[in-house]
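**Student:** As they're listed, the protein sequences go chains A and B.
At position 53 of the first sequence (counting the first as 1) the number is 53 in the UniProt record's numbering, and the numbers step up by one without a gap.
At position 220 of the second sequence (counting the first as 1) the number is 220 in the UniProt record's numbering, and the numbers step up by one without a gap.
Don't read these hints as lab results, they were simulated from the structure.
Owing to the predicted nature of the structure, the values given are computational and were not obtained by experimental measurement.
Here a beta-carbon is modelled for each residue, glycine too, at the ideal position from N, C-alpha and C.
Mimicking BS3-like on lysine-lysine, the simulated pairs with C-alpha atoms at most 27 Å apart in a straight line are: (1) A:Lys-17 / A:Lys-117; (2) A:Lys-133 / B:Lys-186; (3) B:Lys-160 / A:Lys-154; (4) B:Lys-202 / B:Lys-186; (5) A:Lys-48 / A:Lys-17; (6) A:Lys-98 / A:Lys-83; (7) A:Lys-44 / A:Lys-133; (8) A:Lys-133 / A:Lys-17; (9) B:Lys-222 / A:Lys-133; (10) B:Lys-222 / A:Lys-154; (11) B:Lys-222 / B:Lys-202; (12) A:Lys-154 / A:Lys-133; (13) B:Lys-202 / A:Lys-154; (14) A:Lys-154 / A:Lys-17; (15) A:Lys-154 / B:Lys-186; (16) B:Lys-160 / B:Lys-186; (17) A:Lys-48 / A:Lys-117; (18) A:Lys-154 / A:Lys-48.
Partner residues are not named here, just some residues of chain B that face chain A (Cβ under 7 Å, in silico): (19) Thr-149; (20) Ile-151; (21) Asn-157; (22) Ser-191; (23) Glu-194; (24) Arg-195.
Covered by chain B, according to a simulated footprint, are these stretches of chain A (three or more residues, beta-carbon under 8 Å): (25) 142 to 154; (26) 172 to 185.
Chain by chain, the residues:
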Amino acid sequence: MSIFEYNGSAVVAMVGKNCFAIASDRRLGVQLQTIATDFQRISKIHDKLFIALSGLATDAQTLYQRLVFRHKLYQLREERDMKPETFASLVSALLYEKRFGPYFCQPVIAGLGDEDKPFICTMDCIGAKELAKDFVVSGTASESLYGACEAMFKPDMEPEDLFETISQALLASVDRDCLSGWGGHVYLV
Amino acid sequence: MTKQHANWSPYDNNGGSCVAIAGADYCVIAADTRMSTGYNILTRDYSKISQLADKSVMASSGFQADVKALQKVLSARHLIYQHQHNKQMSCPAMAQLLSNTLYYKRFFPYYAFNVLGGLDSEGKGCVFTYDAVGSYERVGYSSQGSGSTLIMPFLDNQLKSPSPLLLPAKDAVTPLSEAEAVDLVKTVFASATERDIYTGDKVEIVILNASGIRREYMDLRKD
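Please put together the full structure from these sequences, using the hints given.
**Tutor:** Here you go:
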């Protein structure tokens with residue numbers, strides 16, 4: 001079993017009309033045993049910026065702590081919140097620092113930038129950014145999520161529609177992956 | 001001395017995706033027409049679907065040489081059946097034959113991932129899904145091949161097959177009409193083509209119903 005499949009995870013983010021949604025499953029496992037069914041994978045950086053880390057849970061938690069630290073310092077120095085694009089570059093840089101001994105996580109970042117324009121991106125474990133205009137996926141259920149999102153996504157969805165779509169896509173995909181599931185958390189901003 | 005391993009493999013994966021959906025009085029079987037090896041495309045126009053009997057159609061992805069051999073074996077066995085019983089094989093009978101044929105080569109398998117679709121003896125749609133060594137199950141819908149992980153969750157969401165463990169046993173066939181099922185298949189292949197590099201070019205859709213057999217083609221992205 002690969003190190004990325006040790007804990008199991010499913011994360012997806014989608015862009016709507018002046019809004020975004022980010023969703024994750026709730027299972028935390030150790031290989032085939034389920035340890036928790038209410039694990040939080042999505043964390044708030046500030047009111048309009050969320051990050052979800054799939055992959056190894058311990059690395060996800062450590063990386064999250066480092067990112068919160070860096071963002072708090074930024075807030076003190078700049079007296080404002082970080083823009084999502086800037087934050088994405090920060091995450092990318094932090095991950096590449098560990099190029100030859102990486103954090104085994106794949107982050108999904110979602111936020112509202114200038115004029116509330118939605119921004120989503122994902123990265124591999126060494127910080128290669130992938131910006132998308134529609135949706136991004138990550139985790140053990142990523143292939144299933146690609147299929148479900150590709151079929152269900154429509155551009156410029158209203159928040160209620162977007163919530164429904166991302167929830168259905170997540171639920172359908174994790175039902176076909178034994179390492180993720182046990183419900184989902186959805187944040188709609 | 002550590003065990004010596006072969007420096008070649010008898011298998012190759014020619015990619016592709018197959019889908020089948022069973023309806024109340026029809027069955028839709030579809031597969032893309034791309035044949036690839038590694039990152040290269042061998043042809044954009046290869047049919048992965050084969051009609052084994054009057055009311056049985058098989059779509060197979062995986063190693064097409066093994067698929068071709070499997071189709072030949074099944075055709076021959078069906079011909080013998082026709083000579084001995086003076087009738088065509090029913091779809092459930094063909095399903096069992098396919099399972100046995102695959103398990104016969106349990107220790108040097110056919111690298112073929114099959115879905116068998118057709119009409120059972122009552123005229124209802126039936127779909128059987130297989131693994132490479134013949135484990136099979138009758139289901140309401142299924143997909144196999146490189147795009148199956150992308151396609152299956154969406155089919156689950158749209159077709160909501162009841163659990164086979166429910167009592168009383170609920171019908172696995174979908175309440176969708178034939179036209180709706182064909183539309184669903186087209187949508188599903190368009191989505192799979194976007195994200196799976198081995199799926200694309202064209203999708204061949206075969207529709208089996210009481211009036212006979214019909215074939216449709218739809219163009220897909222060629223990249």
